[in-house]
Structure formats: C-alpha cells, structure tokens
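S.K.: For this one, chain D is given, so just place chain F with the ligands on it according to the hints.
If you want the building blocks of each chain, they are given just below.
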Amino acid sequence: MAKKIEPRVPMPEQSPKERIRNFNEVPYGYTPEMAKKEASRCLQCKKPKCVSGCPVEINIPSFIGLVKEGDFGGAIKKIKETNLLPAICGRVCPQETQCEEVCVLAKNGQPVAIGRLERFCADWERSLGEEKISLPKCAPPTGKKVAVVGAGPAGLTVASDLAKLGHKVTIFEALHKPGGVLVYGIPEFRLPKEIVFAEVRILQKLGVELITNYIVGKTETVDELLERYDAVFIGTGAGAPAFMRIPGENLGGIYSANEYLTRSNLMKAYLFPETDTPIHRGKVVAVIGGGNVAMDSARTALRLGAERVLLIYRRTREEMPARAEEVHHAEEEGVEFHFLTNPVRYHGDEKGNVKEMECLKMRLGEPDSSGRPRPVPIENSNFRLSVDTVIVAIGNLANPIVPKSTPNLTVNKNGNIVADEDGRTSREGVFAGGDIVTGAATVISAMGAGRRAARAIHSYIMEKSSR
Amino acid sequence: MKAFQVVKKEHLSEQVWRMKIFAPHIAKKHKAGQFVILRVEEKGERIPLTVADSDSKAGVITLIFQVVGATTHKLSCLKEGDCLRDLVGPLGTPTHIEKYGSVVAVGGGIGIAPLYPIVKALKAAGNRLIGILGARTKSLLILEEEMRALMDETLISTDDGSYGERGVVTDVLKRLKERGEKIDLVIAIGPAIMMKFVCALTAEYKLPTLVSLNPIMVDGTGMCGACRVEIGGETKFACVDGPEFDGHKVNWDLLMKRLRFYNEQEKVSYELAKKCTCGGD
Ligand SMILES: Cc1cc2nc3c(=O)[nH]c(=O)nc-3n(C[C@H](O)[C@H](O)[C@H](O)COP(=O)(O)OP(=O)(O)OC[C@H]3O[C@@H](n4cnc5c(N)ncnc54)[C@H](O)[C@@H]3O)c2cc1C
Ligand SMILES: Cc1cc2nc3c(=O)[nH]c(=O)nc-3n(C[C@H](O)[C@H](O)[C@H](O)COP(=O)(O)OP(=O)(O)OC[C@H]3O[C@@H](n4cnc5c(N)ncnc54)[C@H](O)[C@@H]3O)c2cc1C
Ligand code: SF4
Ligand code: SF4
Ligand code: FES
Numbered sequence: 030m031a032k033k034i035e036p037r038v039p040m041p042e043q044s045p046k047e048r049i050r051n052f053n054e055v056p057y058g059y060t061p062e063m064a065k066k067e068a069s070r071c072l073q074c075k076k077p078k079c080v081s082g083c084p085v086e087i088n089i090p091s092f093i094g095l096v097k098e099g100d101f102g103g104a105i106k107k108i109k110e111t112n113l114l115p116a117i118c119g120r121v122c123p124q125e126t127q128c129e130e131v132c133v134l135a136k137n138g139q140p141v142a143i144g145r146l147e148r149f150c151a152d153w154e155r156s157l158g159e160e161k162i163s164l165p166k167c168a169p170p171t172g173k174k175v176a177v178v179g180a181g182p183a184g185l186t187v188a189s190d191l192a193k194l195g196h197k198v199t200i201f202e203a204l205h206k207p208g209g210v211l212v213y214g215i216p217e218f219r220l221p222k223e224i225v226f227a228e229v230r231i232l233q234k235l236g237v238e239l240i241t242n243y244i245v246g247k248t249e250t251v252d253e254l255l256e257r258y259d260a261v262f263i264g265t266g267a268g269a270p271a272f273m274r275i276p277g278e279n280l281g282g283i284y285s286a287n288e289y290l291t292r293s294n295l296m297k298a299y300l301f302p303e304t305d306t307p308i309h310r311g312k313v314v315a316v317i318g319g320g321n322v323a324m325d326s327a328r329t330a331l332r333l334g335a336e337r338v339l340l341i342y343r344r345t346r347e348e349m350p351a352r353a354e355e356v357h358h359a360e361e362e363g364v365e366f367h368f369l370t371n372p373v374r375y376h377g378d379e380k381g382n383v384k385e386m387e388c389l390k391m392r393l394g395e396p397d398s399s400g401r402p403r404p405v406p407i408e409n410s411n412f413r414l415s416v417d418t419v420i421v422a423i424g425n426l427a428n429p430i431v432p433k434s435t436p437n438l439t440v441n442k443n444g445n446i447v448a449d450e451d452g453r454t455s456r457e458g459v460f461a462g463g464d465i466v467t468g469a470a471t472v473i474s475a476m477g478a479g480r481r482a483a484r485a486i487h488s489y490i491m492e493k494s495s496r
Numbered sequence: 076m077k078a079f080q081v082v083k084k085e086h087l088s089e090q091v092w093r094m095k096i097f098a099p100h101i102a103k104k105h106k107a108g109q110f111v112i113l114r115v116e117e118k119g120e121r122i123p124l125t126v127a128d129s130d131s132k133a134g135v136i137t138l139i140f141q142v143v144g145a146t147t148h149k150l151s152c153l154k155e156g157d158c159l160r161d162l163v164g165p166l167g168t169p170t171h172i173e174k175y176g177s178v179v180a181v182g183g184g185i186g187i188a189p190l191y192p193i194v195k196a197l198k199a200a201g202n203r204l205i206g207i208l209g210a211r212t213k214s215l216l217i218l219e220e221e222m223r224a225l226m227d228e229t230l231i232s233t234d235d236g237s238y239g240e241r242g243v244v245t246d247v248l249k250r251l252k253e254r255g256e257k258i259d260l261v262i263a264i265g266p267a268i269m270m271k272f273v274c275a276l277t278a279e280y281k282l283p284t285l286v287s288l289n290p291i292m293v294d295g296t297g298m299c300g301a302c303r304v305e306i307g308g309e310t311k312f313a314c315v316d317g318p319e320f321d322g323h324k325v326n327w328d329l330l331m332k333r334l335r336f337y338n339e340q341e342k343v344s345y346e347l348a349k350k351c352t353c354g355g356d
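As you go down the protein sequences, you meet chains D and F in turn.
Just so you know, we're using the working numbering here: the first sequence kicks off at 30 and counts up by one.
Just so you know, we're using the working numbering here: the second sequence kicks off at 76 and counts up by one.
In isolation and in its complexed conformation, chain D is listed as follows (with noise of 0.2 angstroms):
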C-alpha cells in the first residue's frame, strides 16, 4: 500500500454537555461531502473482507462506491438488495467486530466507517419522503398465510421476506408499539423511535398486516394459530429480566434495566409530566453490568438528571461486552466506572426505598466457560456506596409464554426454543429465530437469523401444498 491512509472523516455530534440534558440523537451523522470523503478511502478490494464480516453479506465496496460517485439512490438499492434495515444497523451495529473489522483498514485502526455511510444512504432516502421510497417488488401473491409472533428485528424481517415471496403475512406483537428492543430497550439518543416505525409502514405498505396488543400464548396459542395460517414464526426475543437474587433487591428505586429502559423508551417517562408514566429521577444512581444495555440504562438516568451515575461492574474494563463506542461515549458523558466490584445486599430507609448498596471488590482469576477470567470476590472487602436509584443490567432471558403454551416445542435449559440453522424447531411448521433461540445477541444476527427462516418457510408452505 503506497498511498498514505487517509484517517477517518469524523462524524460530527452533539457535544457531551449538551447532549446529557437532552434525548436527541447524539451523532449528527455525515453530510453528502462527508460520506463522499470517506468513501473514498475504500480501496474497493477484489477479495472484499468487510463483506465477509457482516451477518447479511452487504455487498460492501459496491455501494460504497457508488456514495463515492455521489449517486446515493443506487448505494441505498445495493444496500437494501439483502439488509431490509440500514437506517437501524448503520446505528446500532456492533460494527467494530464485524464489517469494520475485518476491513483491511482495520489493520491502521482506521476502516472505513461503513455503518456510518451505510446509515448515512438510510438518512438519505428517507429525508426525500416516505412517498418517495421505493417499494420492492413483491411477487403475486400466493395464497399462503404466515403468521409471525413478536415484531423485533427478527420478525420484521422475516415479514418482509414473506411478503416480497408473495405469502399474506399477519404479526402478532405483544407491546402496544411494534419494534421490539430497538423501540422499547434501545434510547432515542442511539435510535430515534421516528426510523423503526418508518421502517414498519413501509413493511404494512408491503401488504403485512400488523396487529399490536396481542400475546401469543394469552390471547391464541401457537397451535390456534397453525389452525389458521400454514406456519408460525416465533420471535419473542430475549424479554425477561435477570436479577441477581440478593438480600434487598426488590426495595423501592431498584429496577431491571428493561422496566428503566421500557419507562423511558415505549412509554416515554422522560416527558412526565406531559406524559403519565412515572419514572424514578435519581440523584446517585448506580447500574450493575457492563453490557449495552448497562450503557443505555447509565446515559439514560444521567438525561434524567442524574447527579452521578455509578456503573458497577464485577470485571475490568476489558472484559466489557458493550461496544467501544457506547463505553466511550458514556465516559465523556460522565458515567463512572467502578471496575472489579459486584453488590451483595442492598440497605433501605423507611418508606422501604433503597438508600445504600454494599459491595464486595474482586479479583479476576482463572477464565471461565465464557473464556474471560472469573472474577472472584475479595473477602472482607466490603463497602458501601449511597445510592438512590438502582438498575440491574446483568442480562435477559428467554420469556417462557410461547414455550409453556406450546406443546412439544423443544427449549434448551436456558429455555431458548431449539431450532436449526433455518429456525425449523420440534414442531412442524412452527419456526423461530433472534435472542429467543440464541440468547440475547445482535440486532443483525435476528436479522439473519428471520432471512435464513423465511427461505426456510417458503420452501416448506410451498413443498406442502405440492404435496
């Protein structure tokens, strides 16, 4: 490589001071010059591995290339030929261990910022008006009908799919808004709730019919359904919250990440009193986990005013599974990091609200089955930290509804449905994929995952009637 690497075009966003009083998106993202510019650093590799690294197979240096020559419409089509949500991965893409990666950049610490041009095409097309979007073609239609349960990623994407096939597709989402984490769990500031349901009235143009407040499970069963429609997809997620089962957890002020998170994102607690739903304004805060969703919960309370934010977290900083770029920009917001410390009990006042949170220090010692080291608590370290508000980020499990209410649907121990690479579970006609199968993952790998399952689906309504 003769040319001299050109560092990557920053994307401009509001600053850190500005930002924590506000739930505005914090990147601005890049204007034409800009995406233009970093375009340009793409080599456009014969042998791209960028593609390799992402879930989707996005073909990389081609609509890379076409931003470069500034024809925008024609990188938002290749973009779109196999990722049906490239306004929300471009956002939320974990793409420094995929695409980006892997680019051959990568090697300098400066690939190409693929997400960000990948987003940057989705802002784009959108900003010319939703009548504007062209809608793909769907094939005639053939008389088949799938239902879908849950509209997250997965399910959205398995909709889109079935219905560009030409089946009559119907989803059954149990919240009052369709979206799933990325409308409930994941903040405004990293995903305006604007793109998701954008992106869902443009799949009910497509002729999917969606039909919100309905639990599959409660409302009609698995089995009334495949009474009715010719297969079943399951995409519930990974939607019930872990605790950690110790002494006071269930004092006043302490909540799961999905009930902080659900307040403020789905029932927008943040306008209270504009809107009804009340959320606890904590003055000292503190968030155990070091995950995105621990991020998201600890950026959430510094915008609701927060003094300070104390993220706890029972490794190091290394062994952080949020991404680099969440953990960054949480440190310049202010979060403070409480590394090798995990609590043990929490204390309450009189009302029976948390008040103190004891904890223990760690060490990090052998790995374990994850293969980072375990941490190992420190005897008679213990302190403790005056806290008023609580959020326990330390994971999701699978919602045990659909499972319990199917008979003879296979769950692993975790009790994650069991299905095939192309989401065929114990149950004929009955498919899943996304966090309900895998545990809570990525936004892409639902994406995948619904793709892989829809082909699977319409080669199984298909053989069926032919049978």
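Rather than coming from a laboratory, the hints here were simulated on the basis of the structure.
Cβ coordinates follow ideal geometry from the N, Cα and C atoms, glycine included.
Check the hints yourself; a few may be wrong.
[As the list claims (entries may be wrong)] Distance windows between CB atoms, simulated:
id, chain 1, residue 1, chain 2, residue 2, range
1, D, E336, F, E240, 51 to 61 angstroms
2, F, D157, D, P436, 54 to 64 angstroms
3, D, H357, F, E117, 30 to 40 angstroms
[Stated by the list, open to error] Straight line, CA to CA, 30 angstroms or less: simulated DSS-like cross-link-like pairs of lysine-lysine:
id, chain 1, residue 1, chain 2, residue 2
4, F, K154, D, K380
5, D, K197, F, K77
6, D, K65, D, K76
7, F, K252, D, K297
8, F, K198, F, K118
9, F, K342, D, K380
10, D, K46, F, K83
11, F, K132, D, K297
12, D, K433, F, K132
13, D, K222, F, K118
14, F, K324, D, K442
15, D, K297, F, K350
16, D, K384, F, K324
17, F, K77, F, K198
18, F, K252, D, K384
19, F, K311, D, K384
20, F, K83, F, K198
21, F, K350, F, K84
22, F, K342, D, K433
23, D, K433, F, K252
24, F, K324, D, K297
25, D, K297, F, K154
26, F, K332, D, K384
27, D, K384, F, K350
M.R.: Just chain F with the ligands now, kept in the frame of chain D:
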C-alpha cells in the same frame, strides 16, 4: 363495532364505574382470575384491571374500576362509543378452580370486582359459598345483588355501620369461625392491608387462603419485573406467576411499600388529568 369500544358504561358508586368493552378475542379466552392491561390514550400509562366478567357470544368483557388517579380518571371520562387506545389480555394465571367444599369469599371495596368472576367459577364447580363483603360506607358497596345471587350466604360489613354490621371483614370472619362454620378455603381480595389482616387471622385458624395481588405493572408479560412480589421469601412476577398467591406466604409490607413508590408523581398527573373537564358522565 370497533376494537376496544366502550359499549356500555354505568356508575356503580361514587367513584366506581362498570364498563363493557368490545374485545372478542379476550372475551373468548378469559378465565376467572385473569386481567387485562389497557391504555386510554397515546400519552397514557398502561394499567392492569381485572376482567370482572366476559361474554364470549357478544365479544364483550366487563371492567369495574375505581377512580384513584390519572388513568382511572381518564377512563371514567370515556363515553359509550369511545374506544380505548390499547387493550391486551387475558393476562395472568387463571384461578385454580375445583370443588373445595365450603369457600368463604372475602371482598373489600373495589376488590369485590375481581372476586366476582372467581366466585362465579367456584359456584359452577359446585362449591358452597359464603360471601363477606366489606366497604367503608354503604354507598361504596358494589355488586351486592350479583354476589348475593351466587352466594349461599352473604354477610356485609361497613366501617361506619351505615349498612350491615359495623366493623371490618375480619370481625365477620371471626364470628363465622366461632359459630363453628366448616371452611375449606378462604379467598380474599381487597386493599393490601385488608388482605394482610385476613391472612393473619386465617393463619391462626390454619385455613388455606388465596389472595390476588395488585402490584404496579408495566407490560404484564414478565418482561420488566416491576410487579415483583415476595412469596415465601422468593421473588415472583405477579403478572405471570400470579396475580393469585398463597396469602400466608406474601410479604405484605413489601407490597404496600412498593405500591407507594410513585405517590408524589401520581398526585401530579392526577391533578393535571382532572383539569381536563370532560366530566365523568
Ligand atoms: C437495551 C438494549 C440495547 C441493545 N443494544 C444493541 C446494540 O447496540 N446493537 C445490537 O446489535 N444489539 C443490541 N441489543 C440486542 C438486540 O436489540 C437484540 O438482540 C435484538 O433486538 C433481538 O431481536 P429479536 O427480534 O430476536 O427480539 P426482540 O427485539 O426482543 O423482539 C421481540 C418482540 O416479540 C414480542 N413478544 C414477546 N413475546 C411475545 C408473545 N408471546 N406474543 C407476541 N409478541 C411477543 C416482544 O414484545 C418484542 O416486541 C440491545 C438490547 C437491549 C435490551
Ligand atoms: C392484576 C391487577 C388487577 C387489578 N384490578 C383492578 C380492578 O379490577 N379494578 C380496579 O379499580 N383496580 C384494579 N387494579 C388496580 C389498578 O390497576 C390501579 O388502581 C390503577 O393502576 C391506578 O391507576 P391511576 O393512574 O388511576 O392511579 P395512580 O394515581 O397512578 O395510582 C394510584 C395507585 O394505584 C396503584 N398503581 C398505579 N399505577 C399502577 C400500575 N401501572 N399498575 C398497578 N397499580 C398501579 C398504586 O398503588 C398507586 O398508588 C388492579 C391491579 C392489578 C395489578
Ligand atoms: S449491516 Fe452491520 S455488519 Fe453489515 S455492513 Fe452494515 S453495519 Fe456492517
Ligand atoms: S475491506 Fe475495507 S477497504 Fe476493502 S472493500 Fe471492504 S471496506 Fe473497502
Ligand atoms: S408487569 Fe412487567 S414483568 Fe410483570
């Protein structure tokens, strides 16, 4: 008819309303002990209400609610023909219904509403039923007629003595026991404090006691953990594991404290909601 449309609205007592809502898929599935979660309008909160009755033929469910804050106030402002924004259910684990023998059903205040469908199912299963209905004062007593129609015997108490006996439901239960009544099961639904005292008494008598808990909820599907309650020292999610539990195992103080957590904010939104003068009728 439109989804979630109010097809009938009645005033039951000062602050209590009965609404019939068009929701065929819920009406079809509902079993005693289950509830729904609703939102009145786009900026509104999700609140749980018990399905007090259902008619699967007409596709209608009945809700009975007491106006205590912003959401219940807004709900009471809806007129026949208006629609709820959202309605989902039926949620929660249905009551385990069998022939227990002689069942005493204790209902306090608005708790008589969730008690009604359970009593109805117990009656159909062939149980002998004694009802103890309590209210602060006569005008707040609801569903007396409906309950009497199901019960083998109905006893009433009011705090101020304006109707039935003066006193609280536990006094009546004590007397039932003293007169030698054979009791196989007690079901108590009402304010947490009432259920707590009923359970303290029935623990002395060693009478199995079922209660229905009403913690604060958000999604109602086991996703958030807002509805955590402690049963025999173990944490349970009332929306999926309950709402009914063995009353002798419930940590009542925890429930009551958690119910008060948002009191200040609730006052603020209630005051704002009342400014909307659509009127209750
Ligand atoms: C706070 C947070 C931040 C995250 N940040 C990132 C990130 O930055 N990047 C990233 O790639 N990933 C991130 N993730 C993970 C990612 O969001 C998930 O992996 C992804 O959303 C999984 O998609 P899914 O479709 O399988 O399930 P979900 O998104 O969970 O959607 C499931 C849907 O099914 C519905 N449902 C559940 N049960 C029923 C039922 N019985 N009947 C009907 N509907 C039902 C649910 O209400 C929900 O809408 C984050 C997760 C969280 C919680
Ligand atoms: C399973 C279940 C069944 C119920 N059935 C009935 C019923 O049939 N009839 C009836 O009148 N009431 C019932 N309730 C109680 C009802 O949900 C509350 O009265 C209602 O939520 C109050 O909302 P609000 O906005 O009007 O008042 P607010 O001012 O918000 O609250 C008043 C009090 O109600 C409780 N509450 C507030 N928000 C919630 C919430 N989201 N979930 C639960 N409780 C809350 C709190 O203790 C609060 O202090 C039930 C509750 C549960 C959990
Ligand atoms: S979808 Fe995700 S992994 Fe694929 S190119 Fe876009 S940002 Fe990278
Ligand atoms: S690996 Fe990097 S430089 Fe090569 S084509 Fe992909 S994005 Fe461009
Ligand atoms: S209300 Fe959310 S888990 Fe029960």
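S.K.: Next, verify each hint and record whether it holds.
M.R.: Right, here's what the structure says about each hint:
At roughly 54 angstroms, the beta-carbon separation of D:E336 and F:E240 lies within the given 51 to 61 angstroms, and the hint holds. Between F:D157 and D:P436 the beta carbon distance is about 40 angstroms. The supplied range of 54 to 64 angstroms is therefore violated. The supplied range of 30 to 40 angstroms is met by D:H357 and F:E117, whose beta-carbon atoms lie about 35 angstroms from each other. With a C-alpha separation of about 39 angstroms, the suggested pair F:K154 and D:K380 falls outside the 30 angstroms cut-off, and the hint is violated.
Between D:K197 and F:K77 the CA atoms are separated by roughly 23 angstroms; this keeps the pair inside 30 angstroms, and the hint holds. At roughly 22 angstroms between alpha-carbon atoms, D:K65 and D:K76 fall within 30 angstroms of each other, so this suggested pair holds. A threshold of 30 angstroms between alpha carbons decides the hint, and for F:K252 with D:K297 the separation of about 51 angstroms lies outside it, so the pair is violated. With a C-alpha separation of about 41 angstroms, the suggested pairing of F:K198 with F:K118 is violated against the 30 angstroms cut-off.
At roughly 18 angstroms between alpha-carbon atoms, F:K342 and D:K380 fall within 30 angstroms of each other, so this suggested pair holds. For a cut-off of 30 angstroms, the pair hint linking D:K46 to F:K83 is broken: about 53 angstroms separates their Cα positions. Distance check on the hinted pair: F:K132 and D:K297 sit about 37 angstroms apart at the alpha-carbon level, beyond 30 angstroms; violated. The suggested pairing of D:K433 with F:K132 holds, with an alpha-carbon distance near 28 angstroms, which does not exceed 30 angstroms.
With a C-alpha separation of about 15 angstroms, the suggested pairing of D:K222 with F:K118 holds against the 30 angstroms cut-off. Proposed proximity of F:K324 and D:K442 is supported: the alpha carbons are some 28 angstroms apart, at most 30 angstroms. With a C-alpha separation of about 21 angstroms, the suggested pair D:K297 and F:K350 falls inside the 30 angstroms cut-off, and the hint holds. Restraint check for D:K384 and F:K324: satisfied, since their Cα atoms lie roughly 26 angstroms apart, inside the 30 angstroms limit.
Between F:K77 and F:K198 the CA atoms are separated by roughly 33 angstroms; this puts the pair beyond 30 angstroms, and the hint is violated. For the hint linking F:K252 to D:K384, the alpha-carbon distance of about 44 angstroms lies beyond 30 angstroms, and the restraint is violated. The suggested pairing of F:K311 with D:K384 holds, with an alpha-carbon distance near 23 angstroms, which does not exceed 30 angstroms. With a CA separation close to 26 angstroms, the supplied pair F:K83 and F:K198 stays within the 30 angstroms bound.
For the hint pairing F:K350 with F:K84, the CA-to-CA distance comes to about 22 angstroms; that is within 30 angstroms, so the pair holds. For the suggested pair F:K342 and D:K433, the alpha carbons sit about 39 angstroms apart, so the restraint of at most 30 angstroms is broken. In summary, the hint linking D:K433 to F:K252 is not supported, as the alpha carbons are separated by about 40 angstroms, beyond the 30 angstroms threshold. In summary, the hint linking F:K324 to D:K297 is not supported, as the alpha carbons are separated by about 35 angstroms, beyond the 30 angstroms threshold.
Proximity of D:K297 to F:K154 is assessed by CA-CA distance (about 27 angstroms); at most 30 angstroms being required, the pair is judged to hold. A distance of roughly 14 angstroms separates the Cα atoms of F:K332 and D:K384; the hinted pair therefore holds under the 30 angstroms criterion. Restraint check for D:K384 and F:K350: not satisfied, since their Cα atoms lie roughly 35 angstroms apart, outside the 30 angstroms limit.
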